[in-house]
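Chemist: For the record, the sequence lines run as chains A and B. In this text, residue positions in the first sequence follow the numbering used here: the first is 1, and each later residue adds one. In this text, residue positions in the second sequence follow the numbering used here: the first is 1, and each later residue adds one.
Hints should not be assumed to be uniformly reliable.
Here are the computed lysine-lysine pairs in the DSSO-like style, where the Cα-Cα straight-line distance is at most 30 Å [to be verified]:
(1) B/K188 x A/K58
(2) A/K11 x B/K139
(3) A/K13 x B/K139
(4) B/K370 x A/K148
(5) B/K275 x B/K300
(6) B/K246 x A/K148
(7) B/K376 x B/K181
(8) A/K11 x B/K370
The set of hints was computed from the structure by calculation and includes no laboratory data. Predicted model only: the values in this text are computed from it and were never measured.
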Amino acid sequence: MIQFSEEKLNKVKEIIARYPEGKQKSALIPVLHVAQEEFGGWLDVPVMDYVAELLSLKPIEVYEVATFYTMFNMKPVGKYVLEVCQTGPCMLNGSDDIINYIKEKLSIQVGETTADGLFTLKPAECLGACGYAPMMQLGKTFREFLTKEKIDQIIDELRAAAKN
Amino acid sequence: MKLLLEHAHVEGIRYYDAYRKHGGYRSVEKALKMSPDEITEEVKKSGLRGRGGAGFPTGMKWSFLAKPEGVPRHLVCNADESEPGTFKDRYLMEFIPHLLVEGLIVSSYALGSNLTFIYIRGEYAWIVDILEQAIAEAKSNGWLGKNIAGSGFDCEIYVQRGAGAYICGEETALLESLEGKRGNPRIKPPFPAVKGLWGRPTVVNNVETLAAVVPIINMGGEEYAKIGVGRSTGTKLMSACGNINKPGVYEIDMTISVEEFIFSDQYCGGIPKGKRLKACIPGGSSVPILPANLLLKTAKGETRYMNYESLSDGGFQTGSMLGSGGFIVFDEDQCVVRHTMSLAHFYMHESCGQCSPCREGTGWMYRILKNIEYGKGKMSDIELLWDIQGKIEGNTICPLGDAAAWPVAAAIRHFRDEFEWHVLNPEESQTRNYGLAHYADPVYVPAVS
Ligand SMILES: Cc1cc2nc3c(=O)[nH]c(=O)nc-3n(C[C@H](O)[C@H](O)[C@H](O)COP(=O)(O)O)c2cc1C
Ligand code: SF4
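Input sequences plus hints: build the corresponding full structure.
Modeler: Next up, the structure:
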């Protein structure tokens, strides 16, 4: 059954309490973030239905929002999502080479996940790190000034982390 | 001249104690002894213009806020920062979060907002933690909550995370998103000042704008207005990137020349590997790109300066805009066609899809640019691009349509020969770049080193 942990439920309550009475729909996007984190990195239909129930919304109100925003994944993703920025300023600093290198190294195309379920390569639009290009988002953090060597390091680091 | 980043490098400035020791929260103490209207008056006198891109006078915006009896009002801080080339707000929030919190408290008091939100782009996830910590510290020190410093004013600030949508930087899309909806911009009027968040009067301001309220209150609006030049008062954060030696965020007073900003070691530090300057987008991806010759000097041959008026001298024919302060520099090896294609992809991806000219036009422009870039373009495609961009501009609900059209228009206006070269040399253009042509001064020697 889909159910937030006690801790997450309290977090949700705290979020709803920020808004005036009757405006709990404002909590939708923050709660979807919590849900995606809790339920495997993507938003399956039953998860969205659960969020709808929690916030007293119609399921369609949740679907239409979840599908609008690129950070919400509508299908399963790898344990680690490498979101490499491909917009202008990163491009000026060689993001094409970085993306190609990752494709080759992991033998996947953009948008795909490795067979072991560890890595997804997702192209991203400008992430606000243009001065530190090329870069990617990895979970909650940014990895900046990327080089091929850095990519090797990051992937080794994540493979090791996944084993533990 | 530094007003915002003066203490950015002080050890521990991210936390309350160090921040307070360096004069933090003085503006709140001062403001709470003034009336809200007096604060708005100081902001008006300061000449502060919105730092989010449009440069609208902040004091005037505040004075438009409707104040119907018994209806709550809100202040919303726009920290969506998604315009390619722009990363100044991130720097400010990451390193001196208390400056924003302080500015928000003063501004909330001036506007009568008891419930204030910071809407931050979802990808800045770690900055949410930094801001929430700063808010908690401010609260435990009595600067937030009920009856702040005995003034009778109550205020709470919450951080709301977006989830990846450039369009949510547009103020009405932002408000929709904050209400838990898709980020579809609203038709204006009504303006947010009358009907904003939950239908209540709302002011939306950029992070840097609200942070600037702190020095304005501390030094007084008139003193602030003496910094800078003409209607470009105070200091401006510039985020510099692309092909420069020292990318990063710089606080400038708006009297320095573009040449100094690019070549001086105090700022961008020139172009790596001794390469030459080809072009620059001076104010975020939406503003027109300029070739080096028009960037450093206006069409009249005058020095171009880093301020609102000088950068827009010549209009869109020969000028650009200061915009959001996202300064993107191109060296001689960069391909304008490829870059324009990348930006077209960005706008196609980010269009909310409500208006047909924007939804269809952005995709159409991208596909044509892709053909030209990959050697499959025709001469008539260049005319077609020109035609499409002209039909998007001014025909949409929000300015994203214009923002998508302008970069394409400027690229064709100033770099048409590069587009033509791609069409005429489909094979060669796949293996080498067009280079400089007549875009740069042939023997350009920077006057400053
Ligand atoms: C497509 C689009 C994106 C925008 N993105 C931002 C943004 O990320 N941050 C911002 O402060 N303003 C952004 N703006 C401008 C806002 O609509 C609004 O004018 C601004 O937040 C007002 O604040 P200011 O007066 O302090 O500049 C954007 C506008 C458009 C049309
Ligand atoms: S101009 Fe584009 S982004 Fe703006 S409302 Fe219309 S379709 Fe949406």
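Chemist: Tell me, in ascending order, the numbers of any earlier hints that this structure violates.
Modeler: Result: hints 7 and 8 break, sorted rising.
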